[in-house]
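> If you want the building blocks of each chain, they are given just below.
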Amino acid sequence: MTERVIPRKEVLIESSVPGGGVPPASMDELRRQIRERETRVRVRTRELERKTRELLAANRDLERAIAERKRAGDRLRRSEALLAEAQRLSSTGTFSWNVATDEITWSEQLYRIYELEVGMPVTVERIRSRVHPEDVSLIEKMRRAAREQRGDAGFEWQYRLLMPDRSIKYLHAVAHPTRDRDGRLEYIAVVQDVTERRLAEEALDKSRSELARVARASSLGVLTASIAHEVNQPLSGIVTNASTCLRMLAADPPDVDGARETALRMIRDGRRAADVIARLRALFGKEDAVTELVDLNSAVREVIALVASELWRNRVVVRTELADDLGPVTGDRIQLQQVILNLIRNASDAMCGVEDRPRQLALRTDRVAGDRVRLSVQDAGVGLDPESSRRLFEAFYTTKRGGMGIGLSVSRSIIEGHRGDLCATPNDGPGATFSFSIPCGSRA
Amino acid sequence: MIPAPPLVAVVDDDESVRESLPDLLRQFGYAVRAFSSAEEFLASDDLARTDCLLLDVAMPGMTGPDLQRELTRRRQQIPVVFITAHRDRIIRRRLLELGAVDCLFKPFSEGALRVAVEAAIRGEVAASLLLPAGTY
Chain R
1 MTERVIPRKE
11 VLIESSVPGG
21 GVPPASMDEL
31 RRQIRERETR
41 VRVRTRELER
51 KTRELLAANR
61 DLERAIAERK
71 RAGDRLRRSE
81 ALLAEAQRLS
91 STGTFSWNVA
101 TDEITWSEQL
111 YRIYELEVGM
121 PVTVERIRSR
131 VHPEDVSLIE
141 KMRRAAREQR
151 GDAGFEWQYR
161 LLMPDRSIKY
171 LHAVAHPTRD
181 RDGRLEYIAV
191 VQDVTERRLA
201 EEALDKSRSE
211 LARVARASSL
221 GVLTASIAHE
231 VNQPLSGIVT
241 NASTCLRMLA
251 ADPPDVDGAR
261 ETALRMIRDG
271 RRAADVIARL
281 RALFGKEDAV
291 TELVDLNSAV
301 REVIALVASE
311 LWRNRVVVRT
321 ELADDLGPVT
331 GDRIQLQQVI
341 LNLIRNASDA
351 MCGVEDRPRQ
361 LALRTDRVAG
371 DRVRLSVQDA
381 GVGLDPESSR
391 RLFEAFYTTK
401 RGGMGIGLSV
411 SRSIIEGHRG
421 DLCATPNDGP
431 GATFSFSIPC
441 GSRA
Chain P
1 MIPAPPLVAV
11 VDDDESVRES
21 LPDLLRQFGY
31 AVRAFSSAEE
41 FLASDDLART
51 DCLLLDVAMP
61 GMTGPDLQRE
71 LTRRRQQIPV
81 VFITAHRDRI
91 IRRRLLELGA
101 VDCLFKPFSE
111 GALRVAVEAA
121 IRGEVAASLL
131 LPAGTY
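Protein sequence lines, in the order shown, are assigned to chains R and P. Each residue of the first sequence is one higher than the last, beginning at 1 in my numbering. Each residue of the second sequence is one higher than the last, beginning at 1 in my numbering.
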């Protein structure tokens, strides 16, 4: 390469002689001409050498760039291979969806998850043919919502595939909006096949709830039996004494002294029964409530961790918006968590029949006027009709099959015990929001 | 000469039962002795002449069923009517199978008590294995 670039000196000199072939007038003139030519040649040579150096440098840069590009290509190929391997190992596929052109691109793994031939064109029809019939409308809703998306909020949803062999796959998808080169809305999404995890969790959950049920049943049974025993003893005395008393009064002549004696015993036994009840109240009542500083945010997080798998099983997606500047409240952590748990379970139950929209549950904490802290639980469930709104907090009122109707009345009494209030409001859209607010750092 | 009334022994660690039950049984016309424990009853002179034993199931020390077994071992054929504040049908069934005349759940009615004690004194089995008697 270098050979071609460096020109030959002689040729250059020859061609640079102006008016070549014309003889010089004198020796002096000739010398002058030669000097002049020499000078010109030197200048041109220096110029050529400089150019040559520049070209050499450019050449080296070019070679470096080519090598770099080759390395980048290698790196890219390696990274793509790694990504594909990672997608395969984690059963995670990716896709992009250009909303304007409806162009959908899948990663290889996503083809494998859907069990479609890698590389075949992805159409909405083809996707729909695999989605579980019960989830098709959910997917349609998601697509519509994604089209109408204005902000930069992402989407998260869970759906099922019904494979040709009738097996079911559980997928968890997260999509983020972005813009293509022409500024058009495009989604980049990650889809994970969580079937195995889900089945394992379901099995675990089933045994866990069975265990909890047995534990609850036995502890409740033992508790009930011991309460019954404690109350039955004095009741037995009362009944026996009453029978004796009546007989003494019915005798001829009546044994008034004996009757008085048995009546006094009845009073004593009645008090004894009342004492048993008072002890029970002390055991379960709020007199024994523990008062401590409670960080409502961490209390919420603990409850979510506790019910996460239950919510997951009910296909409920939880969103939390917990305020950073939330001060601690003074109260009974366990009691407050019981209320939170109760509100979350109610919200989840309210959404159990929802199939046409994401079962979204939003938990928010914030500070409100009057130095209060508020927690709200928003669901997208069946909502509240006027009748149930009115009776919601009554004991033994329930809209749920199998519900006892005590959750919300107990919750309200706990919140009122914290000098707060608990209320329910219908959402603008579907569902309802339950919230309580309690004063910061104070307690009744 | 009027024959001596049958003797009913009440064995219960609960004082209000020991106070109230004898009075009612006396109203029925029985002679009554009350004991606060199985051990106290076993040590008493009344053992041999007791016609009916009203026996609490759960007591500290020797339990009601323990006493029943001990009486069988000593070949003391005293009809036993159990009384218990634990409403447990399985335990009741087992006690009846072991030869108790009846097992009354506290609080029991005057009528149920009377039927059980009379049956015991006549040497009958009062209770059905299926239907718990003496319940309110």
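Any given hint could be a false lead.
Stated by the list, open to error - Have a look at the derived ranges for each label pair, beta carbon to beta carbon:
hint: 1; chain 1: P; residue 1: Arg93; chain 2: R; residue 2: Ser209; range: 43 to 53 Å
hint: 2; chain 1: R; residue 1: Ile267; chain 2: P; residue 2: Glu39; range: 27 to 37 Å
hint: 3; chain 1: R; residue 1: Ser389; chain 2: P; residue 2: Pro60; range: 53 to 63 Å
hint: 4; chain 1: P; residue 1: Arg93; chain 2: R; residue 2: Ser137; range: 51 to 61 Å
hint: 5; chain 1: P; residue 1: Pro5; chain 2: R; residue 2: His229; range: 52 to 62 Å
Calculated directly from the structure, the hints in this document are not laboratory data. Ideal placement from N, C-alpha and C gives every residue a C-beta, glycine not left out.
> All hints are to be evaluated individually against the structure, with a verdict given for each.
Taking the hints in turn, this is what the structure says about them:
1. The given range of 43 to 53 Å is broken by Arg93 of chain P and Ser209 of chain R, whose C-beta atoms sit roughly 32 Å from each other.
2. Distance hint check for Ile267 of chain R and Glu39 of chain P: the Cβ-Cβ separation is about 32 Å, which falls inside the suggested range of 27 to 37 Å.
3. Under the hint 53 to 63 Å, the C-beta atoms of Ser389 of chain R and Pro60 of chain P, about 55 Å apart, fit the expected range.
4. Between Arg93 of chain P and Ser137 of chain R the CB atoms are about 56 Å apart, so this pair conforms to the stated range of 51 to 61 Å.
5. Between Pro5 of chain P and His229 of chain R the beta carbon distance is about 32 Å. The supplied range of 52 to 62 Å is therefore violated.
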